[in-house]
Each structure stands twice: as structure tokens, then as C-alpha cells.
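Novice: As given, the protein sequences belong to chains Z and L, one line each in that order. Under this note's numbering, the residues of the first sequence are numbered 1 to 76, in order. Under this note's numbering, the residues of the second sequence are numbered 1 to 204, in order.
Simulated from the structure, these hints should not be mistaken for laboratory data. Among the hints, a few may not be true.
Below 25 Å or equal to it, Euclidean Cα-Cα: the simulated SDA-like pairs (lysine to any residue) are [said to hold, decoys possible]:
| # | chain 1 | residue 1 | chain 2 | residue 2 |
| --- | --- | --- | --- | --- |
| 1 | L | Lys89 | Z | Leu4 |
| 2 | Z | Lys9 | L | Asn126 |
| 3 | L | Lys89 | Z | His52 |
| 4 | Z | Lys9 | L | Gly15 |
| 5 | L | Lys174 | Z | Met70 |
| 6 | L | Lys174 | Z | Ala15 |
| 7 | Z | Lys9 | L | Arg4 |
| 8 | L | Lys174 | Z | Arg12 |
| 9 | L | Lys138 | Z | Arg20 |
| 10 | L | Lys181 | Z | Leu69 |
| 11 | L | Lys89 | Z | Leu69 |
| 12 | L | Lys182 | Z | Met70 |
| 13 | L | Lys182 | Z | Asp25 |
| 14 | L | Lys138 | Z | Asp25 |
| 15 | L | Lys138 | Z | Ser73 |
| 16 | L | Lys181 | L | Ala130 |
| 17 | L | Lys138 | L | Lys89 |
| 18 | Z | Lys9 | L | Glu12 |
| 19 | Z | Lys9 | L | Gln8 |
| 20 | L | Lys182 | Z | Leu69 |
| 21 | Z | Lys9 | L | Asp178 |
| 22 | L | Lys138 | Z | Met70 |
| 23 | L | Lys182 | Z | Glu19 |
| 24 | L | Lys174 | Z | Arg18 |
| 25 | Z | Lys9 | L | Glu20 |
| 26 | L | Lys181 | Z | Met70 |
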Amino acid sequence: MLDLGDLDKLVRALAETREREMGCDECFEQMDRFAELEFSGSDAATAMPLVHDHLRKCEDCHEKYEALLMAVSVGS
Amino acid sequence: MQARTNEQWLAELRGPNPNEALSDLYDLLVRGLRAALGGRAGGADANIEDFAQEALLNIMSNLDSFRGESRFTTWAKKIAMNVALTELKRRRWRDVSLQDLLARRTATGRGLADPQLTPEQVAFQNMVLAELRGIIDKELTDRQREAVVAVILEGMPIAEVARRMGTNQNALYKLLHDARKKLKLRMEAVGLPPQEVLAAFDAG
Chain Z
1 MLDLGDLDKL VRALAETRER EMGCDECFEQ MDRFAELEFS GSDAATAMPL VHDHLRKCED
61 CHEKYEALLM AVSVGS
Chain L
1 MQARTNEQWL AELRGPNPNE ALSDLYDLLV RGLRAALGGR AGGADANIED FAQEALLNIM
61 SNLDSFRGES RFTTWAKKIA MNVALTELKR RRWRDVSLQD LLARRTATGR GLADPQLTPE
121 QVAFQNMVLA ELRGIIDKEL TDRQREAVVA VILEGMPIAE VARRMGTNQN ALYKLLHDAR
181 KKLKLRMEAV GLPPQEVLAA FDAG
């Protein structure tokens with residue numbers, strides 16, 4: 001199931017694995033606050049490190065987050 | 001559209017005459033969806049309007065879960081993005097079965113080493129590969145193996161893999177996290193900590 005072409009991808013995912021990681025539900029709950037921090041120029045990654053870590057690892061959540069940033073940018 | 005505080009949004013939407021607030025919120029979601037999705041919604045405004053409608057229903061039935069930690073409109077847009085992207089992803093992947101994806105991998109090897117690597121580097125990669133294969137076979141459950149292949153190696157969206165495995169995105173992330181932790185620990189135990197292996201790969 002694993003070939004040489006996959007090796008880099010898998011080892012990279014393992015190297016970034018932490019003992020404690022936030023799940024998708026919790027990340028989604030906090031994503032609006034994280035987006036506002038980032039949008040206002042604050043250091044969101046330092047303020048909410050587990051959200052930041054999850055967004056780096058989970059493509060699905062990251063995509064929603066990027067979309068939210070764009071949606072926030074048009075104002076309300 | 002009038003500016004509202006979070007409290008005003010909630011009071012109006014819960015009040016006896018929510019129509020104006022509903023209409024303003026709908027317009028706001030449509031604008032946000034247009035900005036976020038661009039051409040991705042198939043270019044059709046009808047899609048955007050459907051997503052905004054569905055998000056509005058979702059928002060109204062979940063008003064009590066708004067905790068006030070962001071602006072109400074940001075929270076509402078987050079729900080709209082979730083509705084839209086979940087549906088777009090479902091459509092994009094609807095013809096892909098997990099079994100086909102896994103079967104195709106078995107049939108087509110991707111075993112060629114980078115031709116620029118030295119023989120020593122190729123030997124090192126083959127040694128890591130053999131260790132990892134053994135650990136995966138011994139330590140992971142069938143579900144963990146399937147999830148690792150589909151999500152990490154094949155890049156299939158986690159929500160789509162979850163749907164096919166009869167679970168949800170959050171549970172599948174946790175299953176994958178457990179699998180990654182197990183593999184990492186075993187790699188460390190055999191003297192191949194992933195960070196060091198990666199550094200060696202990158203140096204090559």
C-alpha cells in the first residue's frame with residue numbers, strides 16, 4: 001500500500017504530528033474568532049495555537065477558513 | 001443595510017418581526033459567498049442563492065449556539081462557507097468510490113525513486129519504506145490504513161472519506177490522529193524519528 005512516491009508525504013505528516021491536536025468540530029467552533037484576529041492584524045497563531053495547528057494539517061478546515069477570510073473581507 | 005450589534009441581530013431574529021433582519025442577513029451571506037467562491041459555484045448565482053438559503057435555515061435553528069466570541073455576521077458567514085464548501089466537495093467527488101481509489105493504488109505502483117538521488121539515499125529511502133510498511137501492517141487497523149491512504153496519500157477530502165466510511169469528519173480526523181501518533185511512536189522506537197528522517201530526505 002505504500003510506495004517510494006508516497007514516502008515523503010507520509011513522513012512529513014508524521015513529523016508534524018503532535019500528542020495533542022484539536023479536532024475538526026472544535027476548530028470550526030473557534031474559526032470565526034481566529035479569522036477576526038487574523039483579519040485585524042493580530043497574531044492569531046500565537047493566540048490560538050491549536051486552531052492554527054489544525055488549519056495547517058486539515059485541508060478541509062483550511063479551505064473553509066480561507067473562504068471565510070474572503071467573505072469577511074467584503075465587510076458586513 | 002443598517003449596522004447592528006450582536007445583541008441587535010439576535011433580538012431582531014428572535015423577535016416577532018424578523019423579516020428585515022433576515023433579508024439583510026441573506027444579502028450579506030450572498031455577498032460573502034460570491035467573494036469566497038468566485039467561479040467555484042459553477043458560476044451560477046442560483047447555487048450561491050441556494051447556499052445562502054440553506055445557511056439561513058441552519059443559522060436560525062442554531063442561534064442558541066452563537067457564543068458571542070466573534071461578530072454575529074462572521075459566525076453566520078462561517079456557517080454559510082461550511083454549507084457551500086461541503087456541498088461543492090460532495091458534488092466534485094460524488095463519482096469516486098473509496099474501494100476504486102484503494103484498488104487503483106494496488107494496481108499501479110509508484111515505486112520509482114527520484115533519479116537525482118545517490119545510491120546511498122535510495123538505499124536509505126528503501127530502508128525507511130520497508131520499516132514503515134511493516135509498522136503499518138502490524139500496528140494499524142484496516143480502517144486506519146484506509147483512512148491514511150485516502151486522506152494523506154491520495155488527498156481525498158476528509159469529509160468525503162468519512163461519508164464513505166460511515167462516520168463524520170471529526171471522528172475520522174481523530175482516527176487519523178491516532179494512526180499518525182502510533183506510526184510516529186513506532187518509528188521513534190526503531191530509531192527513525194520522523195523529524196530526523198525528513199531532515200535526511202530534505203538534505204538529499
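Novice: Could you tell me which of the numbered hints above are not met by this structure, giving the numbers in increasing order?
Specialist: 1, 4, 5, 7, 10, 12, 14, 15, 17, 18, 19, 20, 22, 25, 26
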